[in-house]
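*Asks:* Here are the chains, one letter per residue:
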Amino acid sequence: MRKDVLLANDRRLGITDARQLRLSDGPMDRPKIAYVFQDSTLLPWRTVVENIVLPLELAGKSGRQSYQAAEEALRLVGLRDDDAAKFPRMLSGGMRMRVSLARAVVTHPQVMLFDEPFAALDDLLRSRLNEEILRLWKDQQWTGVFVTHHVSEAIFLSKRVIVLTDRPARIAEVFDIPFEYPRSASLRTTPAFNQIVEKIVAQLRGGER
Amino acid sequence: MTKRLALATSNLWPMLVALFVLLAAWSAAKYFGGIRDYFVPYPWKVIETAIRIRGELAEATWLTARAAVCGFAMSTVIGAVIAILFSQFRLLRLGCFPYAVILQTVPIVAIAPLITYTRGPGFGSVVLIAFIVSLFPIIANFTAGLSRVPAGLLELFQLNNASRWQTICKLQIPHAIPDLVTGMRTSAGLAVIGAIVGEFFAGNSSQGHGLGFMVPQRMDRLRADEAFAAVGMATLLGIAMFMSVSWMGGTLLSRWTQADRRSGGI
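Here the protein sequences come in this chain order: A and B. The numbers in the first sequence follow my numbering, run straight up by one, and end at 356. The numbers in the second sequence follow my numbering, run straight up by one, and end at 247.
To be clear, the hints were calculated from the coordinates, so they are not data collected in a lab. This one's a predicted model, so the numbers in the text were calculated from it and none came from an experiment. Every clue listed holds true.
Every beta carbon over 10 angstroms from chain A, so not counted as near; a handful from chain B, in silico:
no., residue
1, A(-11)
2, T(-10)
3, C51
4, M55
5, T97
6, P102
7, Q198
8, W228
Derived, one-sided and incomplete: chain B residues facing chain A with beta-carbon distance under 10 angstroms:
no., residue
9, E136
10, L137
11, A143
12, K151
13, L152
14, P155
15, H156
16, I158
17, R236
18, W237
Don't be surprised by glycine CBs; every beta carbon is placed ideally from N, CA and C.
The whole structure should be built from the sequences, with the hints applied where relevant.
*Replies:* In C-alpha cells form, the structure reads like this:
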C-alpha cells in the first residue's frame, strides 16, 4: 500500500478536506477521516459512551447499533465497561485521552490525524498510549499522520518521519524507519533506535540556525 | 444525612437570633418611640392579622403568584428564543442587544403606568410588566453561554461535518444550560417584583386583586397591620419562587454538576 500522504503540520493549515490525500487505489473522493486533538475535547455534559457515539450521531446514525459500536471502541482503547456511564471530569487525563481515541476510531476511519495528542501527558503514560496506538493501527488498518515534537515518539510509531521546517513549514528531510512491526517498548533502548533519534535531533538543531 | 442536618441547624441559629433581635428592636422602637399602630404595628399583631385575613391573603398571593409565574414563563421562553437568534445572527445581535440593555435600564416604575394606560388595568398588564422586568437576565446570560463555546469543541463539530442545527442543539444549547439557569434564578425574583409593581398600577380588576394592589390600598385605609401582612406574603412568595427555580435548576443541571459532587465526596 502506498501511503504517500503529505500533510502540512497542522490541521489549521486547512486539511479538513480529504481530497488532497491520495491513498492506495488512486485518488479517493472522500475517505473517512478522524481527528485526535491535543485536548481531549470531550463534552462535559455527556457520559463517556455518549461522547464516543457523537461522530456517529452527527452523521445521522444514533440507534442501538451506534451505541454498540461505541462500547466496542471503548474496549478497544483499553477502557472498562463500567467507565461508559462516567462523566469526563471524573476521569484522569490519560483516560480522557483514551475516550478521545475511542471517539476517533468509532467511525472506522481510513485516515487518522493526530495533532500532538499526548503533549500534555507524562512520559510513562505517553509511551503506553503509543503502544496502544500501534495496536489500534494494526487492528483497524488506517493510515495515520501523527504530528509531534517528541522525537522518539515519532520514530517509535512511524514507518516514515517527515521533519518540517519552522515557518514556512516545508519538508526538511524524510527519514524511513526500518524497524519491523509489532514494535515493543524495548525498541526504544536499542542502539539503532538511538542512532535515528540522534540523526533527527541533529536535523532539527540544524533547522534552528 | 444527620451530619447535614446538624450543619443546617448550626447555621440556622445565628439567623434566628438575628431575627429575634430585629423583632425586639422593632417592638422596642415602637414602644419607646410611640409610633402609632396605623403606621407600624407590632410584629405579633401582623402575624395575628395575617391569620385573621388568611382567606383574602391567600387569594391575593395566588393571583400575584400566577402573574409572576406567567411573566417568568414568558420571559424564559421568549428570552431563550431571542438568545438563540442572537447567537446565530451576529448582525441581529449587534443591532438589537443594546436595546435589550436599554430596556433593562429604564426603570419599570416608569414604564408600568404607560402600560396600564395603553392596555388598561387587569391581569394581562400585570403579566406584561412582570415579563418585561424579568426578560433581560435570560437574554444576557443565555446569549453569553451560547456564544462562549470553547473553540476546540466547535472545531470538533466542524470536522465531523455537523450541520448548523446540530451545532445549536447538541453543542451550544447544552453548553449554555448552566447560564440559562443562572439567568432564570435572577429572573424569578424579578418576576415577583414586576408582578407586584404591576399591581400597584394595574392591579384592580374584576378577578380580584393581588398583593401589590393590597399594600397601598390598606395603607390608605390606615390598616398597616394588613399591609404588613401582605408585604410578608410578597416576601415569602419571592423566596418560594427563587427556591423552586433553584431546585428545578439543580435537577436540570445534575448532568453538569453530578460528577463534581461525586468526586467531591470521595
